[in-house]
Amino acid sequence: MVRTLLAIEGRLVRGALAQVLAAQEDIDVVAEADTADTVHAALLTARPDVAVIDVDVVPVEQLARLAAAADDNHGGRVLVLVDRRRAGRLRAVLAEHHGWIGFLDRDVPPERIADGVRQVADGQPVLDPDLVVAALDVADNPLTAREREVLDVAADGMPVREIAQKLGVSPGTVRNHLSHVMAKTGARTRLEAVRIARESCWI
Numbered sequence: 001m002v003r004t005l006l007a008i009e010g011r012l013v014r015g016a017l018a019q020v021l022a023a024q025e026d027i028d029v030v031a032e033a034d035t036a037d038t039v040h041a042a043l044l045t046a047r048p049d050v051a052v053i054d055v056d057v058v059p060v061e062q063l064a065r066l067a068a069a070a071d072d073n074h075g076g077r078v079l080v081l082v083d084r085r086r087a088g089r090l091r092a093v094l095a096e097h098h099g100w101i102g103f104l105d106r107d108v109p110p111e112r113i114a115d116g117v118r119q120v121a122d123g124q125p126v127l128d129p130d131l132v133v134a135a136l137d138v139a140d141n142p143l144t145a146r147e148r149e150v151l152d153v154a155a156d157g158m159p160v161r162e163i164a165q166k167l168g169v170s171p172g173t174v175r176n177h178l179s180h181v182m183a184k185t186g187a188r189t190r191l192e193a194v195r196i197a198r199e200s201c202w203i
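Numbered per full-length UniProt numbering, the sequence shown finishes at 203, counting up by one with no gaps.
Treat the hints as calculated values from the structure; they're not laboratory data. If you're wondering where the values come from, they're calculated on a predicted model, not measured in any experiment. Warning: the hint list may mix true and false statements.
[As the list claims (entries may be wrong)] DEER-style ranges, computed between Cβ atoms:
| # | residue 1 | residue 2 | range |
| --- | --- | --- | --- |
| 1 | Val169 | Val108 | 16 to 22 Å |
| 2 | Arg190 | Glu9 | 43 to 49 Å |
| 3 | Arg190 | Gln62 | 46 to 52 Å |
| 4 | Pro142 | Val108 | 30 to 36 Å |
| 5 | Gly10 | Thr189 | 45 to 51 Å |
| 6 | Glu9 | Pro159 | 24 to 30 Å |
| 7 | Asp156 | Pro125 | 37 to 43 Å |
| 8 | Ala23 | Asp156 | 26 to 32 Å |
| 9 | Ala16 | Arg146 | 36 to 42 Å |
| 10 | Thr45 | Pro171 | 40 to 46 Å |
| 11 | Ser179 | Glu25 | 56 to 62 Å |
| 12 | Arg65 | Glu111 | 51 to 57 Å |
Glycine included, C-beta positions come from ideal geometry on N, C-alpha and C.
Start from the sequences, fold in the hints, and give me the full structure.
Next comes the structure, spelled out in structure tokens:
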């Protein structure tokens, strides 16, 4: 029996997938989570064999560390679900790829996820070829990590002073970063820069 953790946003979607997996004779859904913190806690308490994690629940930069912790703790594996339309995220995830992490398109049928759980649990590689193609088609991100951070916060419509306060920098620094972002994206406004960056999967 493959003990499985589901970390997926949205109770309805998560519940539907849980029902499909629970109906499998060889899969047991032992825990559910919807935030990075609850995923970490569930890994320690439920000790799943496989954690199915939506990349929107656990930030990209935490995936490899989380998967390594699961592997070190009890040999757990991770199956990551990625939205193909956000292929830029996938490039970042693949950069941290390790043998105990599998990747599937978020829109695959639930039965394919069940098969992926079995494969990952058996130590077999799981990598959706369509995701790889989508990732390779994305232009390299020209924004620095700090520029992405500033733009991501700015996307919520915060004024410069509030962005500066949230990030612990000066308003002048925020303005400089936004100016660089607009130059790199060719945008005329902050909102346009956000749109371009999102469509290009840079944030």
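(request) Could you tell me which of the numbered hints above are not met by this structure, giving the numbers in increasing order? (result) 1, 2, 3, 5, 8, 12
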